[in-house]
Each structure stands twice: as C-alpha cells, then as structure tokens.
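K.L.:
Modelling step: build the complete structure from the supplied sequences, incorporating the hints.
These protein sequences, in sequence, are chains A and B. The numbering of the first sequence is my numbering, which starts it at 1 and goes up by one. The numbering of the second sequence is my numbering, which starts it at 1 and goes up by one.
Among the clues, some could well be false.
Derived DSS-like pairs (lysine-lysine); straight-line CA-CA distance at most 30 Å [said to hold, decoys possible]:
(1) B:K183 to B:K328
(2) B:K181 to A:K146
(3) A:K115 to B:K87
(4) B:K342 to A:K146
(5) B:K241 to B:K181
(6) B:K61 to A:K115
(7) A:K146 to B:K241
(8) A:K115 to B:K181
(9) B:K181 to B:K350
(10) B:K181 to B:K342
Sample of chain A residues at the chain B side, in silico, Cβ under 8 Å [what the hints assert, rightly or not]:
(11) V14
(12) S16
(13) Q114
(14) P122
(15) N223
(16) S265
(17) D275
It is worth saying that the hints were derived from the structure and are not from the lab. The structure displayed is predicted, hence computed values, not measured ones. For every residue, glycine included, the Cβ atom is placed at its ideal position computed from N, Cα and C.
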Amino acid sequence: MNQFFTLDVLTVTVASGIALATPFLLAALGETIGQRSGVINLGVDGIMLLAAFATYYIALQTGNLLLAILAGAGTGTIMGIITALVSVTLKAEQGISGIGIYLFGLGFSALLFQKLVGTPLPIATLPPVGIPLLDEIPVVGGMFFKQSMLVYLAFLLVPVVAFVLNRTTYGLKIKAVGENPAAADSLGVSVARIRWSTVILGCTFAGLAGASLLLYGGIFQVNLTQSEGFIAVALVYFGAWRPVGVMGGSLLYGLVGVVILTWKSLGIIPLSASDLAATAPAVITVLALLFIARRFRQPAALGRPYEREG
Amino acid sequence: MHRHLDRKFSLILPAVLVALVAASCGGSSTPAPASSEPSASAPAAASSAPSPSAPAATTLKVALIAPSAVNDLAFTQSMVEALNSLKTKFNLEIAVSDNQFVVATAANVIRNYASQGYNLVIAHGSQYGSTIQQLAPQFPNVSFAWGTAGSTFNLPNVFAYQANSNEGGYVQGAMAALLSKSKVLGVIGPIAVGDAKLYVDGFCAGAKSVEASISCIPVYTGSFSDVSLMATAAKTFVANKADALTGSAQAVVGAIGVARSSNLPWFGTQWTQVSLAPQNVVSSQIYNWAPTLEQIITEIRGGKLGGAVYTLTLGNGGLQIQFNPDFKLAADVKAKVDTLIKGISDGTIKLP
Numbered sequence: 001m002n003q004f005f006t007l008d009v010l011t012v013t014v015a016s017g018i019a020l021a022t023p024f025l026l027a028a029l030g031e032t033i034g035q036r037s038g039v040i041n042l043g044v045d046g047i048m049l050l051a052a053f054a055t056y057y058i059a060l061q062t063g064n065l066l067l068a069i070l071a072g073a074g075t076g077t078i079m080g081i082i083t084a085l086v087s088v089t090l091k092a093e094q095g096i097s098g099i100g101i102y103l104f105g106l107g108f109s110a111l112l113f114q115k116l117v118g119t120p121l122p123i124a125t126l127p128p129v130g131i132p133l134l135d136e137i138p139v140v141g142g143m144f145f146k147q148s149m150l151v152y153l154a155f156l157l158v159p160v161v162a163f164v165l166n167r168t169t170y171g172l173k174i175k176a177v178g179e180n181p182a183a184a185d186s187l188g189v190s191v192a193r194i195r196w197s198t199v200i201l202g203c204t205f206a207g208l209a210g211a212s213l214l215l216y217g218g219i220f221q222v223n224l225t226q227s228e229g230f231i232a233v234a235l236v237y238f239g240a241w242r243p244v245g246v247m248g249g250s251l252l253y254g255l256v257g258v259v260i261l262t263w264k265s266l267g268i269i270p271l272s273a274s275d276l277a278a279t280a281p282a283v284i285t286v287l288a289l290l291f292i293a294r295r296f297r298q299p300a301a302l303g304r305p306y307e308r309e310g
Numbered sequence: 001m002h003r004h005l006d007r008k009f010s011l012i013l014p015a016v017l018v019a020l021v022a023a024s025c026g027g028s029s030t031p032a033p034a035s036s037e038p039s040a041s042a043p044a045a046a047s048s049a050p051s052p053s054a055p056a057a058t059t060l061k062v063a064l065i066a067p068s069a070v071n072d073l074a075f076t077q078s079m080v081e082a083l084n085s086l087k088t089k090f091n092l093e094i095a096v097s098d099n100q101f102v103v104a105t106a107a108n109v110i111r112n113y114a115s116q117g118y119n120l121v122i123a124h125g126s127q128y129g130s131t132i133q134q135l136a137p138q139f140p141n142v143s144f145a146w147g148t149a150g151s152t153f154n155l156p157n158v159f160a161y162q163a164n165s166n167e168g169g170y171v172q173g174a175m176a177a178l179l180s181k182s183k184v185l186g187v188i189g190p191i192a193v194g195d196a197k198l199y200v201d202g203f204c205a206g207a208k209s210v211e212a213s214i215s216c217i218p219v220y221t222g223s224f225s226d227v228s229l230m231a232t233a234a235k236t237f238v239a240n241k242a243d244a245l246t247g248s249a250q251a252v253v254g255a256i257g258v259a260r261s262s263n264l265p266w267f268g269t270q271w272t273q274v275s276l277a278p279q280n281v282v283s284s285q286i287y288n289w290a291p292t293l294e295q296i297i298t299e300i301r302g303g304k305l306g307g308a309v310y311t312l313t314l315g316n317g318g319l320q321i322q323f324n325p326d327f328k329l330a331a332d333v334k335a336k337v338d339t340l341i342k343g344i345s346d347g348t349i350k351l352p
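P.N.:
In structure tokens:
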C-alpha cells in the first residue's frame, strides 16, 4: 500500500482520474441542461460514438486536432437537431426515440469506420497544457494543472452552466419549461424553442464528450464508448440535476476506476479479486445514487412531450 | 387532424429509425476483405498437412463469425488473414460476419450459415461454445470449428482449436526482462480467462526466468474492448516505473498509444501491431491459423467433418514471433531469444 502513496503514483492516479472523468462530465452536463427543460435523451452514447468517429476521421485526414474537435462537436449539434425534431416537434416517446438514436450511432459509427478507415491507425492525442505558475505547484500542479484543453474546458463549463441555469433569464425559462411547461407557455415562453435549444446544446456537449474520449486514447474502435453515455445519464440523477453535483459524480466514477486499476497494478488488489474490483466504480456510483439522489426530485415534466391544451 | 397525424408520425418515426439501425448495427456480413497486410510481413503458412498443388476443383464454402472487427489487429484479423491466404489454394468461398459480440445474435448468424449450405462454419470465440454444442447436431452435414477451446463436445462434426499463447508470452516476457532497466513490467489483460490469461501468465513466467525479482503484476481491466481503461492502466504502470509494456485483447490499441507517447517497448500478441507504434513494437506473437485451417479443410475434403482438436504452438508454426525490423534489438538479446524460441519449439525447454 505504501507504493500507492508515493508522489509519482498519486499524481498520475489523480490526473488520470480527472482525464477519465472528462467525457462523463461533458456528456452529463449536456444531459443536465436537456433534462432541466424536461427532455430526457437516452441517445447520448450513440451521439458520443458518432462524434468520436468524426473526430477520429478528421484528425486522421488533416492532422488538425482543433478541427477534429470541432467536427466532433458539430456532429453532436447535427444529432441534436435530429433528436429535437423527434422528441420535441414530433413529440415521440423520449425513452424509445433515445434508444433509437443510440442504436443508430452504434451501428452507423461502426459502418463508417469499416468503410472509410479499414485498418485502424493511431492519431495524436491531445497534449497536456500546463497552466503557467499553477502547474509548478508541487503535487497539485501535476494533478490538476497539466491536463488537456478539453479537460479544462469541461471543468470550466461547470460554473458556466450553473450560472446560466440559476442566474439568467434563459436558465429560468429552461427550469420553468422543465417544471411546468403549461404555466411557462401561458407566460409567453416558447416551450418548443427552449427545448430545441437545450437539446441541441446538450447533444453538442455529448459531441465534445465523444471527442475527448477519442483524443484520450488516440484511436477509434467499434463501440468505443462502452456505454459511457448511459453512465452519464445516470450521473445526472446522481448529481441531482445540478452541475456541481454532476461534476462530483463524474469525478467519483473516474477516480474510483483509476484507483482500482492502480491498486491492481501494485498488487494491492489480488488477481483473484480483479474482475470483482472492476465493478467497483459502478457499484459505488449506484450506492451513492441511492443515498444522495433520493433527497432530490427530478424536473416535474421530465420525459413528457408538451402539448398545448385546447 | 393535424395533431392526430403528429401522433401517428411520432410512433412511426422511432420504429423506422430502429429499423434503419438494425440494418447497420450488430456487425457486418461480407465476403472476406482482402488481406490488409503485405505478404512479406504476414506469417507464412507452414503447412504440415498434405495439400493439393492446384486449386481444388469444387468450391468449399466457409463462413467465419467473429466477435470483433476484421481489422482489429488482433484475434479476428489473424483468422481473416489466414482464410484469405488459403482462398485460392483451396478454392474457398469465404463469408465473414464480424463484430458479433452479442452471442444471441451470433447464434442466429451461425444457424443461417449452416442452413445456407456452407461446408465449414467457424465460430471464432470461446463464447460461442454452447451455441456450437447446440447447433452442430442439428446440421450433421456441416462442419463446425470453434476456439480457442479444447473440446469438440464429442460431436463428429465439430473441430476445436486453441493457442498455447503462453509460449510466445514466455519468450516475449524474457525479452522484456532483458530490455528492462527498472525491472518493472506493465502487463494488461481484459479478463483472466482463455488465451489472454495464458499469454499474460507466460509473459510473467518468462520475465521471472530472467530476473526472479522483477515486478510483473498483470492488470485485468474487466473488458475486452474498453480502450480508455487499457490506456489508463498503461499510464499507471508507467507512473509506477514500468519500462516495457504488453497486453492482450483488441482494446490494447489504447495502451499501445501510451507506449508510443512514453517511448517504451511494446510486445504484441495475436497479430502484428507494428502499424500502431512503428518505433516501439519490439515483436509480436502471431497467431498463424493457416496450418490448422489447412488440416481442417483437408479433413473435410476427405469426408471427416470433425472430432479433432488442434493446438497452435511455436513448434508447429502456428505461433510465430515476428520481430519489428525498425526496433533495434541488441544482438546478445536477440541471440538469447532465438535460443529460447528454438528450445521451446523442439521441446528442450519446458515451460512451467
């Protein structure tokens, strides 16, 4: 156990945990925005897959990682338009349509990968960017301030989303539409317009999540996300629809996963318990979900398409 | 009226979407793709079975069902390349269904091939065992092959194949120990089963045969396909001073990326992984299924549809250690490794 508490191992463990938490955080933040307006999107994982492929393909073709990230985010935006059309305008049952979007993303990303790429080739991963002065702080600098720009972006978005939801007129409208769309409608708020905007924004975040996942490993594979999008949806409940709570859940999931891996590599967890230990992040998150999320209630109109009466 | 139409459409659209998806997801069924490796780097089919000098007159229809992509640079690709190498020689008509990671779906695919007149149906994954056990008696005129496994279920139309991947693991583990300065090795596996576990165990045994005190603690991520988890496992090893890495499963592409970015030696298994890190891959243990397939095809042409188990070993050419010419391996290390390969191949070196 002493080996775990060495400076190098602790630094890499925390830094890796934060990096691993980033796709969850981005996807869950986007889902939070959508759910606060009353739209649940179970297609996050499929959107992440499509965005990851777009990121990979553009990076492979151009070598330009910034362009690749934009392609990933743009793919999320396009899928957001499709999702909003199905869930908001056509008023489809949100759970079923979300699963449809997921399956589409899973299958179509695999198809594109096989047809456009063939044999997988590695691309450059996002380099860590040190924040001047902060990255020189002993221990803390290595853990928190030598990350990729997508990690910084994800964590910066937490206060931004919290501010928008809690301190702006747009945020109040989002919450009003999620709680009582009829009342919001009667006050002149366009429920459809608000929900379109939140779904597109949320899916763009999912696109960024796919890009960050792809650029962490530097290669695409069929079903690259391994259902991370579904975990992100669960983390929204874990975080009680609050950006800071969602960040806490994402960090918990990422860090527990990395700590388990590190303990395995140091022999702290015996080989016989290896597979059992691999379930720890999910088990801990579910337990936390049971104890924490029950204290909060979901947006009252979550999952319900809005139809004006009369 | 308008609302009524909206509702109808809202029900139809998801159904259409799911139907569209069903067409594109769950793997693809295609003729086998052309070999993606130049023949110079692909393992030679060192046949020990009698083979015709000219293409066989009658076409043999062969179907392959595999859990991952045809270009996974690992388990599936090794079989696809072997089939392709025999296509002309044995007049094979090859169909491939890859990405069949859902066993229930794969079972339907296997059944379809068997009922469509395929002569040989290869279920390339130990997870398909119970499916083969169930389906083979229903299609007594079809030959089935599956692996990696050592059982034919006592069925006359089932062949089984397995790989002694611990042999190549042992060689590469010894090589890693000879190259390591920190005497800490990073070993990553998916789940502690099958040939992945054999390889990992062999690797650590080989490393310890060179340096008994070397740290060689395998990490099993719990997934065959979680790229980011494998990459993270590799990073934790690097943080813990590991200066040589290896891994098994199609998800190792993430870990190979870490070896590349950390400029550390990487040892591959199942197929050549040089293209992922041309400067870092020292060697790869290649699964050369061609000799095994030749024997199976010859048996089928002779009227025997199953009942035999084949094992890939260094001795029979089913396993090969392919060195990366771009990795400058010290002459003394290469000499020791060659001696080891020869000893394991001829049986003078017994593995633990």
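K.L.:
Work down the list of hints and note, for each, if the structure agrees.
P.N.:
Okay, the hints, checked on the actual structure:
Distance check on the hinted pair: B:K183 and B:K328 sit about 20 Å apart at the alpha-carbon level, within 30 Å; holds. Proximity of B:K181 to A:K146 is assessed by CA-CA distance (about 27 Å); at most 30 Å being required, the pair is judged to hold. A threshold of 30 Å between alpha carbons decides the hint, and for A:K115 with B:K87 the separation of about 23 Å falls inside it, so the pair holds. A threshold of 30 Å between alpha carbons decides the hint, and for B:K342 with A:K146 the separation of about 47 Å lies outside it, so the pair is violated.
A C-alpha spacing of about 10 Å is found between B:K241 and B:K181, which places the hinted pair at or below 30 Å, so the restraint holds. For the hint linking B:K61 to A:K115, the alpha-carbon distance of about 25 Å falls within 30 Å, and the restraint holds. Restraint check for A:K146 and B:K241: the C-alpha separation of about 19 Å stays at or below 30 Å, so the hint holds. For the proposed pair A:K115 and B:K181, the alpha carbon gap of about 43 Å is over 30 Å, so the pair is violated.
For the given pair, B:K181 sits about 27 Å from B:K350 by alpha-carbon distance, which is consistent with the 30 Å threshold. Under the criterion of a C-alpha separation no larger than 30 Å, the hint pairing B:K181 with B:K342 is consistent with the structure, at around 26 Å. Because the closest C-beta pair between A:V14 and chain B is about 11 Å apart, greater than 8 Å, the hint is violated. For A:S16, the shortest C-beta to C-beta distance to chain B is roughly 5 Å, which falls under 8 Å, so the interface hint holds.
A least Cβ separation of about 6 Å between A:Q114 and chain B falls short of the 8 Å threshold, and the interface hint therefore holds. Taking 8 Å as the C-beta cut-off, the interface hint given for A:P122 holds, the closest approach to chain B being about 5 Å. This hint holds: A:N223 has a C-beta 6 Å from the nearest C-beta of chain B, less than the 8 Å allowed. Interface hint at A:S265: satisfied, since its Cβ lies 5 Å from the closest Cβ of chain B, which is below the 8 Å cut-off.
For A:D275, the suggested interface contact is upheld, since its CB lies about 6 Å from the closest CB of chain B, less than 8 Å.
Checked against the numbered hints above, the structure violates hints 4, 8 and 11; every other hint is satisfied.
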